[in-house]
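Visitor: Sequence:
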Amino acid sequence: MKIGFIGSGVVGMTLGQYFKNNKLNVVGYYSRNINSAIDGANRINGTVFTHIEQIINEVDIIFITTNDDSIVEVASDIADIKTIRKNHIFIHTSGVHSTEAFQVLKQFGCGLYSMHPLQAFADSKEAIKHISNTHFTIEGNGINMANIIDLLEVIKNPYNIIEKDKNEIYHAGACVISNYLVTLLNMGFDLIESAGYPREDIYSAFAPLILSTLDNIENRDTKKSLTGPINRGDINTIAKHLNALEFNVNLEFYKYMGLKTLDMIEMVNSLDEKKKEIKNMLMEG
Numbered sequence: 001m002k003i004g005f006i007g008s009g010v011v012g013m014t015l016g017q018y019f020k021n022n023k024l025n026v027v028g029y030y031s032r033n034i035n036s037a038i039d040g041a042n043r044i045n046g047t048v049f050t051h052i053e054q055i056i057n058e059v060d061i062i063f064i065t066t067n068d069d070s071i072v073e074v075a076s077d078i079a080d081i082k083t084i085r086k087n088h089i090f091i092h093t094s095g096v097h098s099t100e101a102f103q104v105l106k107q108f109g110c111g112l113y114s115m116h117p118l119q120a121f122a123d124s125k126e127a128i129k130h131i132s133n134t135h136f137t138i139e140g141n142g143i144n145m146a147n148i149i150d151l152l153e154v155i156k157n158p159y160n161i162i163e164k165d166k167n168e169i170y171h172a173g174a175c176v177i178s179n180y181l182v183t184l185l186n187m188g189f190d191l192i193e194s195a196g197y198p199r200e201d202i203y204s205a206f207a208p209l210i211l212s213t214l215d216n217i218e219n220r221d222t223k224k225s226l227t228g229p230i231n232r233g234d235i236n237t238i239a240k241h242l243n244a245l246e247f248n249v250n251l252e253f254y255k256y257m258g259l260k261t262l263d264m265i266e267m268v269n270s271l272d273e274k275k276k277e278i279k280n281m282l283m284e285g
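Using full-length UniProt numbering, you'd call the opening residue of the sequence shown number 1 and step up by one each time.
In short, the hints are calculated from the structure, not lab data.
Every residue gets a Cβ at the ideal spot worked out from N, C-alpha and C, and that includes glycine.
Wrong hints could be hidden among the right ones.
[Unchecked claim] Okay, derived cross-link-like pairs now, SDA-like style, lysine to any residue, Cα gap no bigger than 20 Å in a straight line: (1) K2 x I81; (2) K86 x T50; (3) K240 x V268; (4) K106 x K164; (5) K260 x E277; (6) K279 x N269; (7) K279 x F253; (8) K223 x F189; (9) K82 x A120; (10) K240 x K223; (11) K82 x T50; (12) K275 x F253; (13) K240 x Y256; (14) K224 x E252; (15) K276 x M264; (16) K23 x T50; (17) K223 x N250; (18) K106 x F136; (19) K82 x L105; (20) K129 x F253; (21) K166 x N141; (22) K255 x F189; (23) K276 x N236; (24) K224 x F189; (25) K274 x A239; (26) K20 x D68; (27) K260 x A207; (28) K166 x E100.
[Said to hold, decoys possible] Estimated spans, in silico, between C-beta atoms of each pair: (29) N22 x D80: 19 to 25 Å; (30) N33 x N231: 48 to 54 Å; (31) N243 x G188: 30 to 36 Å; (32) G188 x N45: 43 to 49 Å; (33) Q54 x P208: 49 to 55 Å; (34) D77 x G109: 17 to 23 Å; (35) E73 x K23: 57 to 63 Å; (36) M145 x A122: 27 to 33 Å; (37) I38 x D77: 16 to 22 Å; (38) Q107 x N216: 47 to 53 Å.
Generate coordinates for the entire structure from the input sequences, incorporating the hints supplied.
Guide: Structure below.
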């Protein structure tokens, strides 16, 4: 199967290079930004397509790796091409959009899929280092699915399949895990810095704590990985935290996270008296 990319940003370039490294037949790139298409094609020693119909006519699997807001527009442009075949497969890599973004292409009876890589793509040179361990989330209409499975078996990446009406909540979860984790750590860094740590020392000092927590989650799941004063029922420790944060802008967020932590504990066991008292403390004011 011949593979082509519409859109040659970080995701498109990373996937194209990765597929090529795994001996898949990556033909080339089309982009409205010709220089971007040239850059992508040079990385795989491939073809620069100057018109969208050229790439549609040349390849079998078309990855649409534009920004999310352009997917529907690109699909509309493709729908105007009269040479779409039933063995064509169109794939976008957005996490939040389902294949409903390909509504105009349903009439052709071809394969329509989303294939979201669970990785933060900030830079293609960094992304290519981690892509072999990246998990993919697949959603689609099931047509020509065997070719998608064949591709995944070649690159040997793990994957899961979800239903198309679950894309939005799935992507919200992914944003919490990735983007909001950065926000959470930034809040923690701010508090540590206010205690007197130089900002540049904070990550190296706390990396063992961060990484050991992630290791615990990997091995035991979230609900069995919780440690700390709320899990132990240390009322006095929480009281000291609340006192220290009394005039801090992060006080309400600290309370909210504490209450969510208690919710998680309660999913496994009912709250004992100490934890109930902590809950009342966090709910005050």
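Visitor: If a hint holds in the structure, say so; if it doesn't, say that too.
Guide: Results for each hint:
1. Distance restraint check for K2 and I81: the Cα-Cα separation of roughly 18 Å lies within the 20 Å cut-off, and the hinted pair is therefore satisfied.
2. At roughly 24 Å between alpha-carbon atoms, K86 and T50 are farther apart than 20 Å, so this suggested pair is violated.
3. This hinted pair does not check out: K240 and V268 have alpha carbons roughly 27 Å apart, beyond 20 Å.
4. The straight-line distance between the Cα atoms of K106 and K164 is roughly 14 Å, inside the 20 Å bound, and the hint therefore holds.
5. Between K260 and E277 the CA atoms are separated by roughly 15 Å; this keeps the pair inside 20 Å, and the hint holds.
6. For the given pair, K279 sits about 15 Å from N269 by alpha-carbon distance, which is consistent with the 20 Å threshold.
7. Of the pairs offered as hints, the one joining K279 and F253 holds, with about 14 Å between alpha carbons and a cut-off of 20 Å not exceeded.
8. Only pairs whose Cα atoms come within 20 Å are accepted, and K223 paired with F189 is rejected, the gap being roughly 24 Å.
9. For a cut-off of 20 Å, the pair hint linking K82 to A120 is broken: about 36 Å separates their Cα positions.
10. Using a Cα cut-off of 20 Å, the hinted pair K240 and K223 is violated, with the two alpha carbons roughly 25 Å apart.
11. Distance hint between K82 and T50 is fulfilled; the C-alpha atoms sit about 18 Å from each other, no more than 20 Å.
12. The straight-line distance between the Cα atoms of K275 and F253 is roughly 19 Å, inside the 20 Å bound, and the hint therefore holds.
13. Our distance criterion of 20 Å between C-alpha atoms is met by K240 and Y256, whose separation comes to about 17 Å.
14. Distance hint between K224 and E252 is unfulfilled; the C-alpha atoms sit about 26 Å from each other, more than 20 Å.
15. Under the criterion of a C-alpha separation no larger than 20 Å, the hint pairing K276 with M264 is consistent with the structure, at around 13 Å.
16. Our distance criterion of 20 Å between C-alpha atoms is broken by K23 and T50, whose separation comes to about 25 Å.
17. About 24 Å separates the Cα atoms of K223 and N250, which puts this hinted pair outside 20 Å; it is violated.
18. The suggested pairing of K106 with F136 is violated, with an alpha-carbon distance near 23 Å, which exceeds 20 Å.
19. Distance restraint check for K82 and L105: the Cα-Cα separation of roughly 11 Å lies within the 20 Å cut-off, and the hinted pair is therefore satisfied.
20. Distance restraint check for K129 and F253: the Cα-Cα separation of roughly 35 Å exceeds the 20 Å cut-off, and the hinted pair is therefore not satisfied.
21. Pair hint K166 plus N141 holds up; C-alpha atoms about 14 Å apart against a cutoff of 20 Å.
22. Simply put, K255 and F189 have alpha-carbon atoms about 17 Å apart, close enough for the 20 Å limit, and the pair holds.
23. Between K276 and N236 the alpha-carbon distance is near 14 Å, which keeps this suggested pair within the 20 Å criterion.
24. Taking the CA atoms of K224 and F189, the gap is near 25 Å; set against the 20 Å cutoff, the hint is violated.
25. A distance of roughly 12 Å separates the Cα atoms of K274 and A239; the hinted pair therefore holds under the 20 Å criterion.
26. For the hint pairing K20 with D68, the CA-to-CA distance comes to about 24 Å; that exceeds 20 Å, so the pair is violated.
27. The suggested pairing of K260 with A207 is violated, with an alpha-carbon distance near 24 Å, which exceeds 20 Å.
28. Proximity of K166 to E100 is assessed by CA-CA distance (about 12 Å); at most 20 Å being required, the pair is judged to hold.
29. For the hinted restraint 19 to 25 Å between N22 and D80, the CB-CB distance of approximately 33 Å leaves it violated.
30. As the Cβ distance of N33 to N231 is approximately 51 Å, the hint placing it in 48 to 54 Å holds.
31. Distance hint for N243 and G188: a CB-CB separation of about 18 Å, inconsistent with the stated range 30 to 36 Å.
32. Taken as a hint, the range 43 to 49 Å holds for the pair G188 and N45, whose Cβ atoms sit roughly 45 Å apart.
33. Checked against the given bound of 49 to 55 Å, the beta carbons of Q54 and P208, roughly 53 Å apart, stay inside it.
34. A C-beta distance of roughly 19 Å is found between D77 and G109, which places it inside the suggested range of 17 to 23 Å.
35. In this structure the hint that E73 and K23 lie 57 to 63 Å apart at CB is violated, the actual value being about 33 Å.
36. In this structure the hint that M145 and A122 lie 27 to 33 Å apart at CB holds, the actual value being about 31 Å.
37. Under the hint 16 to 22 Å, the C-beta atoms of I38 and D77, about 20 Å apart, fit the expected range.
38. Remark: the range hint 47 to 53 Å for Q107 to N216 is upheld by a beta-carbon distance near 50 Å.
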